[in-house]
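S.K.: Throw the hints in and build the complete structure from the sequences for me.
Residue strings, one per chain:
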Amino acid sequence: MLGKTAGGLFWMFRYLERSENTARLIEAGQRIALTRSSSAEDEWASVLQSAGAFGGYVEKHGSEVNRDGAIDWMLRDPDNPSSVLNMAEAARNNGKTVRTALTREAWESVNENWMTLRDALARKVPERDLPDVLTLIRQRSAFVRGAMHGTMLRNDIYDFARIGTFMERADNTARILDVKYYVLLPSVVAVGTSIDNVQWQTILRSVSAEGGFHMTFGQDARPREIAQFLILDKRMPRSLAFCVDKIQSNLGYLATDYGVRLSCHDLCDQLADHTMSHSIDEIIEMGLHEFISDFLKSLAALGSQIEIDYRFYN
Amino acid sequence: MDGALREAYSDFNGWFESEDPSRLRKKQAEAERLFRLTGITFNVYGRAEATERLIPFDIIPRIISAREWSRLSRGIEQRVRAINAFLHDIYHRQEIIRAGRLPVEMIAKNAAFLPQMIGVSPPGGVYTHIVGIDLVRTGPDEFFVLEDNARTPSGVSYMLENRETMLHMFPELFSQNRVQPVQNYPRQLRRSLAACAPTSAGDRPTVAVLTPGIYNSAYYEHSFLADKMGVELVEGHDLRVVDGRVAMRTTRGYQPIDVLYRRVDDDFLDPLNFRPDSALGVPGILDVYRAGGITIANAPGTGIADDKAIYSYMPEIVEFYTGEKALLKNVPTWRCNEPESLAYVLDNLAELVVKEVHGSGGYGMLIGPTSSKRELEEFRKKLKAKPDNYIAQPTLSLSTVPIFTKSGLAPRHVDLRPFVLVSPQGVDITPGGLTRVALKKGSLVVNSSQGGGTKDTWVLED
Numbered sequence: 180m181l182g183k184t185a186g187g188l189f190w191m192f193r194y195l196e197r198s199e200n201t202a203r204l205i206e207a208g209q210r211i212a213l214t215r216s217s218s219a220e221d222e223w224a225s226v227l228q229s230a231g232a233f234g235g236y237v238e239k240h241g242s243e244v245n246r247d248g249a250i251d252w253m254l255r256d257p258d259n260p261s262s263v264l265n266m267a268e269a270a271r272n273n274g275k276t277v278r279t280a281l282t283r284e285a286w287e288s289v290n291e292n293w294m295t296l297r298d299a300l301a302r303k304v305p306e307r308d309l310p311d312v313l314t315l316i317r318q319r320s321a322f323v324r325g326a327m328h329g330t331m332l333r334n335d336i337y338d339f340a341r342i343g344t345f346m347e348r349a350d351n352t353a354r355i356l357d358v359k360y361y362v363l364l365p366s367v368v369a370v371g372t373s374i375d376n377v378q379w380q381t382i383l384r385s386v387s388a389e390g391g392f393h394m395t396f397g398q399d400a401r402p403r404e405i406a407q408f409l410i411l412d413k414r415m416p417r418s419l420a421f422c423v424d425k426i427q428s429n430l431g432y433l434a435t436d437y438g439v440r441l442s443c444h445d446l447c448d449q450l451a452d453h454t455m456s457h458s459i460d461e462i463i464e465m466g467l468h469e470f471i472s473d474f475l476k477s478l479a480a481l482g483s484q485i486e487i488d489y490r491f492y493n
Numbered sequence: 002m003d004g005a006l007r008e009a010y011s012d013f014n015g016w017f018e019s020e021d022p023s024r025l026r027k028k029q030a031e032a033e034r035l036f037r038l039t040g041i042t043f044n045v046y047g048r049a050e051a052t053e054r055l056i057p058f059d060i061i062p063r064i065i066s067a068r069e070w071s072r073l074s075r076g077i078e079q080r081v082r083a084i085n086a087f088l089h090d091i092y093h094r095q096e097i098i099r100a101g102r103l104p105v106e107m108i109a110k111n112a113a114f115l116p117q118m119i120g121v122s123p124p125g126g127v128y129t130h131i132v133g134i135d136l137v138r139t140g141p142d143e144f145f146v147l148e149d150n151a152r153t154p155s156g157v158s159y160m161l162e163n164r165e166t167m168l169h170m171f172p173e174l175f176s177q178n179r180v181q182p183v184q185n186y187p188r189q190l191r192r193s194l195a196a197c198a199p200t201s202a203g204d205r206p207t208v209a210v211l212t213p214g215i216y217n218s219a220y221y222e223h224s225f226l227a228d229k230m231g232v233e234l235v236e237g238h239d240l241r242v243v244d245g246r247v248a249m250r251t252t253r254g255y256q257p258i259d260v261l262y263r264r265v266d267d268d269f270l271d272p273l274n275f276r277p278d279s280a281l282g283v284p285g286i287l288d289v290y291r292a293g294g295i296t297i298a299n300a301p302g303t304g305i306a307d308d309k310a311i312y313s314y315m316p317e318i319v320e321f322y323t324g325e326k327a328l329l330k331n332v333p334t335w336r337c338n339e340p341e342s343l344a345y346v347l348d349n350l351a352e353l354v355v356k357e358v359h360g361s362g363g364y365g366m367l368i369g370p371t372s373s374k375r376e377l378e379e380f381r382k383k384l385k386a387k388p389d390n391y392i393a394q395p396t397l398s399l400s401t402v403p404i405f406t407k408s409g410l411a412p413r414h415v416d417l418r419p420f421v422l423v424s425p426q427g428v429d430i431t432p433g434g435l436t437r438v439a440l441k442k443g444s445l446v447v448n449s450s451q452g453g454g455t456k457d458t459w460v461l462e463d
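Note that the protein sequences, when read in sequence, are chains W and R. Here the first sequence is numbered in this note's numbering, starting from 180 and rising by one per residue. Here the second sequence is numbered in this note's numbering, starting from 2 and rising by one per residue.
It is possible that part of the hints are untrue.
Restricting the straight-line Cα-Cα distance to at most 25 Å, the calculated cross-link-like pairs of lysine to any residue (SDA-like) are [unchecked claim]:
#	chain 1	residue 1	chain 2	residue 2
1	R	229	W	332
2	R	441	R	100
3	R	330	R	168
4	R	229	W	291
5	R	229	W	324
6	R	407	R	168
FYI, nobody ran anything at the bench for these hints, they're computed from the structure.
M.R.: Encoded structure:
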């Protein structure tokens, strides 16, 4: 398999994951804005931060964040490299580059994802259409995943696609935690009471975890449990532990398949140890913010090492 | 259809008459959706808007009888063998020039002639592995060769996808008509390429397709062929010369390639040997090639055989190398670099088609009968300024085939490009080809870059 193809697949699936996550973040942001108008602007700023799109937004529009501007920036602004529209196009271009590695069904699903979103995002999305458009983005993404899952061989091609998916997802969940970590910290005000309902619901909603959480912990959520759920719960498909576990197994398949262990395997093991060797109380004790920052740094380092070890670029 | 129905169409016609036109219109729209979804698009150069376009597809197949096809194939095979012999000769002893059958300046002054290829003998003696011969029909059993595409003929993916689309939309047609399959092409292509591998290659030579990348107008075809053959699709930056071999960068290190089916032009193939600014090629690949370390298909320098000026000598070329009269006719051609021909062309401009010697894609040509006085005058100036640059041909009275329009069937002009594979094992012609159709009423220009469309091409079984 060409190094370029491995890199193309890795990024193609990062792009798809990112556009889906962005749609989730917007959905959660919209929800909070509709239920609590007073601090809506702060909320959109933190959505932009979670989506990794704040810097670019400020550069183009200044630091005044408003709902319409933020949503348009994240969905379709051509100047935002991570906008859903740009991601759909980039994923499709990567799909073209790695076309020979994809089944016809997988390729067509990526192509159709782009064709559909290009039309849906051709113009500014009016508020009344927003829910439908966000649903469409998630559905299209699910189609791609389904076509991959149902038709692709479980070989190195699949491994690189999966590694890309879970690298991006881990990054996304970690950034949500990074932006909102203060909500989850035990504070004087919050002791003994449940935290700001809307805030924690937003967090859960932005990782599509409301249902799962309630199933596990019931209705009365406490911040510690949310942190536990999003960081350490291996049943939760967007938790850090789950994602790292998947990256580790897929890198492991590559090592077995190729018969070689590389530096990235050591880095991944370290990351897994670091993520999973502490209880949530220890993590909060050591500092939730520091924990997340370290995680993001290690994750980025792992990404670069995979790129080198499997010769994506040279 | 020249008024009367050709025999090959009789079964199809029975089906068509019994079909509801509105169902067919729906099918026509469905075909377009399928093409978009599959991504069978092409890029139009020099247009910022709508960079990806579909080649219009017409649902009425073009049908050729088994008898017609076998006559055609014999002519094509003869021509392709002659082209390969000609290429070998031109880069070795140049007997045809010594014999006085081809003027030396046709080669010496020709930009398509590559001095780097002199004395090089490609593995298996094959220069042009993949050939597309453009034919037009002027009457029953009367075909002319319009052009030989011996460099990197494109369009074979349309031949295959058009058939897939028809099979998907009208399965019943293929139960009723005995149509020869084209789907073996990718397998045969791979087999044919592998058979041309250098002798140093093992039993299972590594084949790869070289593309300029996703923005190339034929990228879809490159990825399609690589995918169907089950080989890697590489770009210049994936390749490098390692230990005297051309190797591709894989996730496990560099792996040598035995046969490279390149869809990159000669000029861009090797920045060390040709255009130094090319980022599409592989530095040093030509040196590896000359040392016998890799097969490049088609060989560098094959363009000398499909040049429009050389074309006019094809009857002589076929006779010189095969000892037989050419079975397929050439369109009479005036070479404007000859003073008498130029005078004739200038006098009869309004009746002629004038083409650039090195042009392709229907660009830069004049179609006398449909041009205005002003266009004729402008072209006259160009001709006088650079006569070497042009050839002229009469406008043929092309036959037509039916297409499906809003108001039913209507006749349109077509050409046909069958695809030919050459290896030491022989010449293989896929029964079918790419039929391009001029969708505009009365138009003779079938190029997709100029608004032409395509059709499925059926060769019936006996």
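S.K.: Against this structure, judge whether each hint is valid.
M.R.: Now for the hints, and whether the structure bears them out:
no. : hint           : result
1   : R/229 to W/332 : holds (16 Å)
2   : R/441 to R/100 : violated (46 Å)
3   : R/330 to R/168 : violated (34 Å)
4   : R/229 to W/291 : holds (21 Å)
5   : R/229 to W/324 : holds (23 Å)
6   : R/407 to R/168 : holds (23 Å)
Hints 2, 3 from the list above are not met by this structure, while the remaining hints are.
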